[in-house]
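Read top to bottom, the protein sequences are chains A and B.
Just so we're aligned, residue 1 is where the first sequence starts under our numbering, counting upward by one.
Just so we're aligned, residue 1001 is where the second sequence starts under our numbering, counting upward by one.
These aren't lab readings, by the way, just hints derived from the structure by calculation.
Just so it is clear, CB atoms sit at the ideal spot from N, CA and C, and this is done for glycine as well.
There's no promise every hint is true.
When the alpha-carbon atoms are kept at most 20 Å apart in a straight line, the in silico PhoX-like pairs for lysine-lysine are as follows [what the hints assert, rightly or not]: (1) B:K1075 <-> A:K437; (2) A:K429 <-> B:K1075; (3) B:K1075 <-> A:K436.
Taking CB as the label site, the calculated pair distances span [what the hints assert, rightly or not]: (4) B:G1159 <-> A:K233: 25 to 33 Å; (5) B:Y1046 <-> A:T79: 30 to 38 Å; (6) B:G1159 <-> A:A190: 18 to 26 Å; (7) A:K233 <-> B:V1234: 55 to 63 Å; (8) B:R1083 <-> A:A190: 34 to 42 Å.
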Amino acid sequence: MARVTRRKFLKVSGAGALAAKTGGMAAILATGRAPAYAQATTLNWLRWNDFVPASDQLLRKELIPEGEKVLGIKINLETVNGNDLQPRITAGIQSGAGPDLVMLFNNHPQLYAASLVDMSDVAEAVGKADGGYYPLVKSNSNDGKNWISMPWTIVGGMIAYRKSWFEEIGSPEFPDTWEKYREVGAKLKAKGRPLGQTLGHTFGDAPTFTYPYLWSWGGKEVEADGKVVINSKETLESVKFMTGFWKEAHDEGGLAWDDTNNNRAFLSQTISATLNGASIYIESLRNPDKYITEKGAKLNTDILHAALPKGPAGQFSMHTYFSHALPKYSKNEKAAKDLLKWVHSKDVYEKWFVSQKGFATPPAADWEKHKVWDEDKVMTPYKVAGRLGRTPGYAGPSNAKAAEVLSKYIITDMYAKAVQGMPAEEAVKWAESELKKIYV
Amino acid sequence: MAVQAITTTLGEAPQPRRQRLLEDERWLAFFLIVPTMVLLGMFIAYPFVRGILLSVTNSRVGVPGDFVGLANFHKIWNDSIFRTSVYNTFLYTGVTTVFKLSLGLWLAMLLNRNFKGKAFTRAFILLPFIIPTVLSTFAWKWMFDPTFSVLNWLLFHVGAITGRINWMGDPDLAMISIIIVNIWRGVPFFAISLLAGLQTISPELNEAAAIDGAKPWQRFWHVTWPLLLPVTMVVVLFSVIQTFADFQIVYVMTGGGPANATHLFATYAYQIGIGTGLLSEGAAISLAMFPVLLLVVVFQLLYIRRVETR
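With the rest of the complex left out, here is chain A:
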């Protein structure tokens, strides 16, 4: 066993501590030694159960052990259903104890802004190094003064559809307007292959459909000054259209779906198209022999992606955005920030990004140049997901009020209520009254 003298120990630990203090991640990596944290620093990291399980495996088996070695801390990764992240951070903030880093969706960090550590130092450095964040990233993660959460990724929402089934009913190209999509959907449903869409209380697929749908008809929640304008001719038209569209073309079970149901329905081939991240396609690639079409072909050869159709006011999208929040109750602020710096360093983040196979689009522009996007043409539409897309609360800022509307699923429920039989006018009035309670 090598003998460590007192002099040698002081020299080495002093260099490590100095490097960590002055040079940040580059210096830590250069010294090849962990910064001088208290030996027992344990960081609890809470994330969703990734829809690409290979990425969670990569984190657990490779990246976290590597990070523990480089940073000299213990990292506990916990993964939960995405819909359980908000309850967990609420409980943590109220009790003053909980995970050090918490993954949050969309503009949810705005709800907890007062209880989150300013991440500007890390976010600005990483954003700059990666070619600048997309506007939707700033809308969701910045409260106008500070970065309240660290941008992680964007899961682009595109419609996954069955190429051959669309061809069979005479629509080789994906319909580019809602009218055409309704027509095609009705023909597909008549053949027992409806469109699949959730209108349930679930974080991803529900709002990423209903918000862009509303915008494409010219409807919006509020004006830029926060005045509630949901009760408009345009919104009403969108709701009326939806009720017919739903009955004629959709799988009506979608009212009770969460983010996983449409994946299962598509993969078991009971629906012909659904708005989703690319997880359906990626799963069909992962298990090519498990998913076979009725004609005996591999399902992954029969899936294409397309953007949501356009309405009278244009074509829009809203992508599910992911970031990491660091609550003020955490006693490991520095270690948490160092973990984020490390995991966002190009080499490390790239490993995770590649494991996603295009399901996740990084939050900054330089990643568009990555070769992943050229490897599979089916995934190419997701490359520019970050450039497109509005954020909830449009035309106002995506602030805490917008986040409250999103968390309460008011826009989704407006459509769900109408689909369940409430007159369109009443459904819009209900949404207006709910919005007015928030935007006071």
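Following the hints, put chain B in place on chain A, whose structure we already have.
Here is chain B on its own, set in the frame of chain A:
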């Protein structure tokens, strides 16, 4: 000699102060009741008082907030989802209690007879009550799944339906689904508790009635039922309180959906308080249950006392 010595020592030694206190029955009673009081204080009284304090502020998650009086109660009173939750809670509690009582009583009467495998059947009946609710509710969720429902498959293959029943996507069917699961889960509790009650009734009373010419129904109505009533009231009381504040079944099965159609007090309070972070409003929704439950408890306890002193 040794025994004598010890006796002498014990007799002569002055009693420690602590021991003297425990000799006093009032102090002993106090010491015995302290652990219960501490537990009740920590887990019942403190959260309850904290809930009341939260409900009269405008506190959000991470923001302590200011005193706003009854503004939150006023706000929820004008909230259509809250009104739906109130209606749902009464409907859910009322319908399930009637079914649980009738099915539970019926089952208890059956189990009270002598038959082969009685002990095994009695244990088996308890299964729905023993399995963790979240686990069994997940199984039910799959059975009512909009796309892969095994119930639909079964009904379709026996020719009872031609299309799919949209169990959880239709507001009424979603309500029926959660009611079915609650009844399934609650019947064993009623059955076993009422069975215990039935076993305290002396068979001689029924035999005497039979000799006097009473028919089975008359024997039940005039002998068994009145004697079983105190136990029944206690069981109903527990069940009403539990069902009124039910959370797990609805949270797992529907999450309060579709479009808030199946929210109960507890699930809506959770969605607003914990999901959205509006703690004070969530506390107000939760507390709105309290007066109703208090009335139920007072009414039933008074009734039980009347029956017992009759």
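Exercise for the section: Please write out, lowest number first, the hints stated earlier that are contradicted by the structure. Expected result: 4
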